[in-house]
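Asker: Just so you know, the sequences run in chain order A and B.
Take the first sequence: its letter number 346 is residue 345 in numbering that gives the first Met the number 0, and every next letter is one higher.
Take the second sequence: its letter number 283 is residue 282 in numbering that gives the first Met the number 0, and every next letter is one higher.
Fair warning: there could be bad hints in the mix.
Identical chains blur together in the list; that is why a pair holds if it fits in one copy or across any two.
Under the rule of at most 27 angstroms between Cα atoms (straight-line distance), these lysine-lysine pairs were calculated in the DSSO-like manner [to be verified]:
1) Lys1 with Lys337
2) Lys72 with Lys96
3) Lys337 with Lys72
4) Lys251 with Lys42
5) Lys72 with Lys46
6) Lys12 with Lys188
7) Lys188 with Lys47
Don't read these hints as lab results, they were simulated from the structure.
Number of protein chains: 2
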Amino acid sequence: MKYSYVSHLYCPKCSETYSTDAEHHLCRCGSPLLVQYDLDSLKHHLKKEQLQARNPDLWRYHELLPVQDEQYKVTLGEGMSPLLPMPELGEDMNIPKLHMKDEGTIPTGSFKARGAAVGVSKAKELGVGELAMPTNGNAGAAWSLYAARASIGSTIVMPIDAPKITRNECAVSGANLYLVNGLISDAGKIVARAVERDNLYDVSTLKEPYRIEGKKTMGIEIAEQLGWEVPDVILYPTGGGVGLIGIHKALKELQALGWIDENRMPRLVAVQSEGCAPIVEAWRKGDREAPFWENSSTVAFGINVPKALGDFLVLDALYDTDGCAIAVSEDALLEEQKTAASLEGTFVCPEGAAAFSAARTLRNKGWIQESDRVVVLNTGAGIKYPDTVQIDVPTLQPHENLYDTKENEHATN
Amino acid sequence: MKYSYVSHLYCPKCSETYSTDAEHHLCRCGSPLLVQYDLDSLKHHLKKEQLQARNPDLWRYHELLPVQDEQYKVTLGEGMSPLLPMPELGEDMNIPKLHMKDEGTIPTGSFKARGAAVGVSKAKELGVGELAMPTNGNAGAAWSLYAARASIGSTIVMPIDAPKITRNECAVSGANLYLVNGLISDAGKIVARAVERDNLYDVSTLKEPYRIEGKKTMGIEIAEQLGWEVPDVILYPTGGGVGLIGIHKALKELQALGWIDENRMPRLVAVQSEGCAPIVEAWRKGDREAPFWENSSTVAFGINVPKALGDFLVLDALYDTDGCAIAVSEDALLEEQKTAASLEGTFVCPEGAAAFSAARTLRNKGWIQESDRVVVLNTGAGIKYPDTVQIDVPTLQPHENLYDTKENEHATN
């Protein structure tokens, strides 16, 4: 039996096809490329029950991944993140069946590891020597660390304002790391010039077709963890939107395999910040592509993407599933981060907090029903963004007792 | 079949026994208490092969955990962390069969979550309303977050120098958090006074018998992941030493169950920093207890424990397994952290780096053989300690190209 049932690359815009045995980036029409599998054949060779005995990482789905020879698998043990019931937070927002898919427990502390694991593995299979990418932080951290694991060189360019921890992760991996006094779009232009000049392997978001394949495993895992059922709603914090595109693609593939009900899709929700909401604007107008969002800004750095190359694929997924797009305020997402931690002990990243906040709003509006089973994607660990938590903690001297400080404060008030 | 085969608590010093149905902390002789299971009965009711179909978290071993009623289980999905081959680093230090047990991918970013999950669950089963503890950071983060998950209050006291990220984790959980202008021993005294005054549940290291049970699952997992074999050597960064005590206890239990060879134990290695090495000093002298280490200091904050309540249990484990204790320098562990990241893509915490550095030294000395299968415990994510990575990154203006900066530097040098 084959390790991978990958068939070819195809363009979702012009339908052109390409081989997965050679390096390809964008279609010649300019669109991102997607990976096609031989699902008819796979359907006859693999039953979903066979997965149960496999290791709890994303490579349990290797037939649905593009790496053809297992020897090129580059892994840090990523995948099969917990799908946690959130009863207290669910009660607080009147969504009894609220769940969180927690990507904070993935290597490198964010869901970016999934894309990097599969993307770097495929790069290794293709014989790549050095990859290059612009990043808002987490993706660069993941790709540079997985590249190190694969003994592939990496060049990473990130905005000077990107989270400092991700800068350290890239640096410690031994990457060629540069900061840019600008936005990720400026970083992207610098990388594009370097790719051209030095023949580097461009792994910018969606300029490389295999990252989606890693991200889609979130969708497969949600289905498997729910006993091969899909929830009613999945909320996803959306910057580049690769995870949402991937989850949609995964569920379509599972339907084609007959592993989930072919008539049921979860309504997919793209969650953005009010400071950067191009997908929301496009969805409200019913557009097929999103505008460039000027002067974007949000503490949820991972969803600060003013123009996504895959915007049309994100919008397709929303329209196809009767989903929606929604923007939340900075105050609301920061408040939700605290609420989730104090009610559930889950320190989610600001992007994940945005998705929880959106669930609360959509429930208030009646778009989410009380009976809906709802899955929120928390895309990373809160510890990667320590500065979003503003704290004021009393300091004691060794001879003091608890509450002495507070009592003193009260006395002087 | 029973959910837990817990039998009772016993004192490893004076053999006194206590019930697990009531709150107990230290033995009246002052020693920590250990948990005993009815292994003879369990042996006849559970085969290790039955575990395979269970979820990939530490609760798969629930018969060997102290929580008697599953409804009290408090979980964030902790456990079954990856056991990763480290071929490149292994080649670099001439240990071909080098592995890392990566606790950086556990909820809260450190192995402390295991102890907290089991300890908080048992506290919930015992009806505890509020717990209290001193911490060097990670334990407080884990316990306060799990307490929030369990709807139990928490009071946490940590040194003002503890890692800022862990301070934020405690704060966001809603804990009653205090800093102390001193060491963890000062924090401990403040907590002891508060426990006395306010009748809080004391979960200080080893003053609560169930944390060991959570930590021991690292040992069970290593055995299961190696197909129910044990490695030749396990290296463990040792502060309070609870994990090492737990791993030793777990392997003894697995031997009693007949799940692993009763004649093979890995040699256990306690790794400390030269800035705080009381266990190493005691082991060198063949002592049964360790001295208080004056003016302790290390960047590996988690192993800055000048006097461990369980020192005698750690030393027992070393003597029992023909293990050893070794101290590494601050420079060596920081260098090893970089080497591990650049060769393997693994951003380990400084404590984990200390353990890798110790493996290198022990191999050089011949104490570790080339043929030995060696497992290094990385107890947490490197991202929790960003300041250990010193970086100097070039900053570009948007119009600049990669290497421009370096070229400029070269030009002006």
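Asker: State for each hint whether it applies.
Answerer: Here's how the hints hold up against the structure:
1. Lys1 with Lys337: Answer is neither: 47 angstroms inside a copy and 38 angstroms across each miss the 27 angstroms cutoff.
2. Lys72 with Lys96: between (36 angstroms within a copy, 19 angstroms between copies)
3. Lys337 with Lys72: Only across copies: lysine 337 and lysine 72 sit 23 angstroms apart there, 38 angstroms inside one copy, limit 27 angstroms.
4. Lys251 with Lys42: within (14 angstroms within a copy, 45 angstroms between copies)
5. Lys72 with Lys46: within (23 angstroms within a copy, 32 angstroms between copies)
6. Lys12 with Lys188: Cα proximity of lysine 12 and lysine 188: one copy only (24 angstroms, versus 67 angstroms across).
7. Lys188 with Lys47: neither (43 angstroms within a copy, 55 angstroms between copies)
The structure fails to meet hints 1 and 7 from the earlier list, while all remaining hints are met.
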